[in-house]
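Trainee: So the protein lines, in turn, are chains A and B.
Per this note's numbering, the very first residue in the first sequence carries number 1; after that it's consecutive.
Per this note's numbering, the very first residue in the second sequence carries number 98; after that it's consecutive.
Read the hints as simulated data drawn from the structure, not as lab findings.
Careful, some of the hints might be misleading.
Derived CB-CB ranges, DEER-like [claimed, not checked]: (1) Glu67/A x Arg249/B: 51 to 57 Å; (2) Gly160/B x Gly49/A: 15 to 21 Å; (3) Phe364/B x Glu67/A: 44 to 50 Å; (4) Tyr262/B x Ala80/A: 38 to 44 Å.
Output of the computed footprint for chain B on chain A, the stretches with three or more beta carbons under 8 Å from beta carbons of chain B [claimed, not checked]: (5) 15-23; (6) 29-40; (7) 71-82.
Which residues of chain B face chain A? A few of them, derived with a C-beta cut under 10 Å, are [unchecked claim]: (8) Glu287; (9) Ser334; (10) Lys345; (11) Arg349; (12) Arg401; (13) Thr437; (14) Phe497; (15) Gln499; (16) Gly501.
Beta carbons: idealized from backbone N, C-alpha and C, even for Gly.
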Amino acid sequence: MKILHCPLNGPRNIQEFVYGGEVTTMPDQDAGSDSEWTDYVFLEANRAGLVREWWLHVASGYWFIAERDTSTDEVVRTFAPDRRAVGGRAPDPTGRS
Amino acid sequence: MPFGLLKYGFARNYPARGLLPPATELKPRYDVVIIGAGGHGLAAAYYLATRHDITNIAVLDKGYLGGGNTARNTAIIRANYLTPEGVAFYRESMALWAGLSDEFGLNIQYSTRGHLTLAHTDSALRTARWRAEVNQHLGVDSELIGPDEVSRLCPSLNMSRETRYPILGALYHRPGATARHDAVAWGFAEGAARKGVEIHQHTEVTGIDIRSGRVTGVKTSRGPVQCNIVLQAVAGSSSLVADMAGLKLPIRTIPLQACVSVPMKPFLYPIIVSGSLHVYIWQTARGELVMGGATDPYPLYGTRSTLDFKEGLMAHILELFPFLSEARVNRQWAGMADMTPDFSPVMGLTPIENYYIDAGWGTWGFKATPIAGFTMAECIAGTRQPPLIEPFRLDRFDDFEQVGEKGAASVGH
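Take the sequences, apply the hints, and build the full model.
Mentor: Given below as structure tokens:
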């Protein structure tokens with residue numbers, strides 16, 4: 001069993017989580033070009049090495065960010081999303097906004 | 098081939114046959130450099146040499162011949178896809194597969210067994226009927242069959258109605274087959290080498306030279322090589338190689354695990370697949386059960402095996418074949434699969450002139466080996482996208498013309 005450390009719920013079996021994709025920045029909703037949207041929707045950096053990615057703890061509906069090495073499958077750290085760090089559209093972990 | 102085999106069988110001695118000529122130094126320049134000496138890259142080299150008379154080719158691989166996903170698939174060949182684009186493509190692949198042993202003079206153990214995609218729900222039956230209609234329309238032998246016929250074709254299946262997912266019917270694809278995966282790579286390699294193609298193993302490409310939007314050569318662990326044309330055929334590492342050329346792909350690299358059991362008495366002739374149970378299973382000629390399921394739940398550049406995967410897989414296999422509860426797993430492995438958003442490959446031209454791509458092979462690459470090589474050779478020789486792979490062009494993601502194959506390409510849906 002692989003354990004993932006959820007910032008809200010603590011260490012849990014990784015089967016309770018769903019991978020949510022690379023942390024990227026959404027193009028400007030009015031000014032973004034078609035190619036920027038193609039990149040955002042379909043293309044992946046898909047790097048081998050340390051990456052930042054979204055994960056969801058399904059049981060509690062909580063989204064957070066993990067830094068994981070995609071060559072070794074080692075999760076270096078997990079943390080609550082900071083609105084500023086991800087372009088101002090992160091879900092509020094407290095669910096109050 | 099049959100007479101050759103008979104003669105060989107009655108011969109008094111069996112001289113060993115070296116498939117490839119001894120390794121040589123890299124030449125400073127080639128017409129075509131193919132990155133990746135797997136089935137697809139070797140097939141492209143073979144068809145360039147035999148059908149288009151382009152023989153000044155180097156096939157480079159950082160590992161050894163056929164040591165990547167060519168060695169890590171589960172060797173199933175079928176054409177019972179869902180989209181007309183996919184069905185036509187894999188139909189042509191099967192036509193090539195059937196003639197490969199003769200063409201190579203090497204037995205690739207192509208074995209037609211029939212392929213059953215089990216349906217456990219009304220919606221799965223509907224999808225099976227849909228696939229059968231599309232298949233038949235395009236000349237592919239598929240039909241929807243009921244539980245009695247399923248039981249007749251595979252008497253060892255658990256047909257009880259008292260299970261979690263009773264078998265309500267199946268999509269029966271009569272031409273479904275298996276082949277010896279290594280032999281396919283060897284056959285293409287030997288045929289290409291005989292025409293003068295150089296295959297350089299343990300030669301890693303470390304950079305791609307591009308001048309004013311046009312590829313001019315590659316850097317390798319054994320020095321630089323100039324060339325007119327580059328083809329990358331490195332499923333599993335597609336994004337990493339494309340990144341050297343400055344291309345970003347619609348691909349996530351996700352492991353696909355599989356395993357085989359200890360050998361046992363033959364009881365399973367057709368290939369059995371269940372989308373609902375995320376399982377496929379078939380029995381090799383030497384009695385081992387080859388088993389696989391859905392891809393891993395998240396991306397990884399690694400080929401480790403997990404207990405989670407096997408627990409889930411075995412639980413589902415026991416629903417179909419309860420008597421296997423005491424069977425032991427003999428070997429396990431994983432391959433790195435290029436998963437695309439529409440479960441279709443990425444093939445052909447790229448925004449870089451003379452740089453060609455054969456990627457996005459997800460969990461469906463082995464069966465496409467001959468036709469992928471054939472059409473990529475056609476693409477390179479004609480410098481345009483052949484009609485058969487027009488739907489799989491890289492820029493389909495720019496104009497939203499994806500080829501939605503999720504319902505038939507994988508068991509992980």
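Trainee: Against this structure, judge whether each hint is valid.
Mentor: So, going through the hints one by one against the coordinates:
no. : hint                           : result
1   : Glu67/A x Arg249/B: 51 to 57 Å : holds, 54 Å
2   : Gly160/B x Gly49/A: 15 to 21 Å : holds, 20 Å
3   : Phe364/B x Glu67/A: 44 to 50 Å : holds, 48 Å
4   : Tyr262/B x Ala80/A: 38 to 44 Å : holds, 39 Å
5   : 15-23                          : holds (count 3)
6   : 29-40                          : holds (count 4)
7   : 71-82                          : holds (count 3)
8   : Glu287                         : violated, 32 Å
9   : Ser334                         : holds, 8 Å
10  : Lys345                         : holds, 5 Å
11  : Arg349                         : holds, 5 Å
12  : Arg401                         : holds, 7 Å
13  : Thr437                         : holds, 9 Å
14  : Phe497                         : holds, 8 Å
15  : Gln499                         : holds, 9 Å
16  : Gly501                         : violated, 13 Å
Of the hints listed earlier, those the structure fails to meet are numbers 8, 16, in rising order.
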